[in-house]
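Trainee: Chain by chain, the residues:
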Amino acid sequence: GQQVMQIPQYQHVQEGEDFTTYCNSSTTLSNIQWYKQRPGGHPVFLIQLVKSGEVKKQKRLTFQFGEAKKNSSLHITATQTTDVGTYFCAGRPTGNQFYFGTGTSLTVIP
Amino acid sequence: DAGITQSPRHKVTETGTPVTLRCHQTENHRYMYWYRQDPGHGLRLIHYSYGVKDTDKGEVSDGYSVSRSKTEDFLLTLESATSSQTSVYFCAISEWGQGNQPQHFGDGTRLSIL
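Listed in order, the protein sequences are those of chains A and B. So for the first sequence, our numbering puts the first residue at 1; every next one is plus one. So for the second sequence, our numbering puts the first residue at 111; every next one is plus one.
Just chain A, same shape as in the assembly (with noise of 0.2 Å):
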């Protein structure tokens, strides 16, 4: 079943305001990396958290990695139109599979 929650499933927002999507897992993650998909396109990797508690900075993104190492988040201060697309998060629990949350679809109104 579908280890690595993500929310919420979509997300509409006036260009300029904030975004953010929350990835939430039942077992604890050994890291989680961060895709973007444009619309019509293939995911393209953001980012990658490991250790607990941590956080790190792309430009107007923010990422984070829960202190117990269950959740992650990626926040986008002032959206662009460039921003649009769907954001996934990648959970590793254990081994070498990743379980990949069901997206955050975001759509930015100019």
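If you're looking for bench data, these hints aren't it; they were derived computationally from the structure. Where is the CB? At the ideal position from N, CA and C, for every residue including glycine. Possibly wrong hints are sitting among the right ones.
Here are the simulated SDA-like pairs of lysine to any residue, each with C-alpha atoms no more than 25 Å apart in a straight line [what the hints assert, rightly or not]: (1) LYS70/A to THR94/A; (2) LYS36/A to SER193/B; (3) LYS57/A to VAL13/A; (4) LYS36/A to GLN211/B; (5) LYS56/A to GLN11/A; (6) LYS51/A to THR20/A; (7) LYS51/A to PRO212/B; (8) LYS36/A to GLN48/A; (9) LYS56/A to PRO212/B; (10) LYS121/B to SER193/B; (11) LYS121/B to GLY41/A; (12) LYS56/A to TRP206/B; (13) LYS36/A to HIS139/B; (14) LYS36/A to TRP206/B; (15) LYS167/B to ARG154/B; (16) LYS180/B to ASN96/A; (17) LYS56/A to SER193/B; (18) LYS180/B to GLN97/A; (19) LYS56/A to SER73/A.
Here's a subset of chain A near chain B, in silico, CB distances under 8 Å, partners left out [said to hold, decoys possible]: (20) TYR22; (21) GLN33; (22) PHE45; (23) GLY101.
Knowing the structure of chain A, use the given hints to seat chain B on it.
Mentor: Below, chain B alone, put in the same frame as chain A:
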């Protein structure tokens, strides 16, 4: 973008027919993966390979088989396609094990089974 080519890009076929999808990479990466993407399910791993002739099952492997006779090619076969296998299939590669390496995805194959 990583050198990954999936073929065909689109295919329509009938229930019960065999289907083979091909993934070709020019990066000489050791690990290759096949995922399917369906609305509401995200990406689910079907099979992966960690070397020539070395493969393992993923989360949703029933009804699928794979082969890797060369480093650069990873084939996904549906022996007898069913309508439930209508999906978008993505191939991905990573340099080392999946555990701590980014995965680079191909452009996908849209498969429709009528």
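Trainee: If a hint holds in the structure, say so; if it doesn't, say that too.
Mentor: Taking the hints in turn, this is what the structure says about them:
no. : hint                 : result
1   : LYS70/A to THR94/A   : 13 Å, holds
2   : LYS36/A to SER193/B  : 28 Å, violated
3   : LYS57/A to VAL13/A   : 21 Å, holds
4   : LYS36/A to GLN211/B  : 16 Å, holds
5   : LYS56/A to GLN11/A   : 22 Å, holds
6   : LYS51/A to THR20/A   : 20 Å, holds
7   : LYS51/A to PRO212/B  : 16 Å, holds
8   : LYS36/A to GLN48/A   : 13 Å, holds
9   : LYS56/A to PRO212/B  : 16 Å, holds
10  : LYS121/B to SER193/B : 13 Å, holds
11  : LYS121/B to GLY41/A  : 17 Å, holds
12  : LYS56/A to TRP206/B  : 23 Å, holds
13  : LYS36/A to HIS139/B  : 22 Å, holds
14  : LYS36/A to TRP206/B  : 21 Å, holds
15  : LYS167/B to ARG154/B : 11 Å, holds
16  : LYS180/B to ASN96/A  : 21 Å, holds
17  : LYS56/A to SER193/B  : 42 Å, violated
18  : LYS180/B to GLN97/A  : 22 Å, holds
19  : LYS56/A to SER73/A   : 11 Å, holds
20  : TYR22                : 14 Å, violated
21  : GLN33                : 7 Å, holds
22  : PHE45                : 4 Å, holds
23  : GLY101               : 6 Å, holds
Of the hints listed earlier, those the structure fails to meet are numbers 2, 17 and 20, in rising order.
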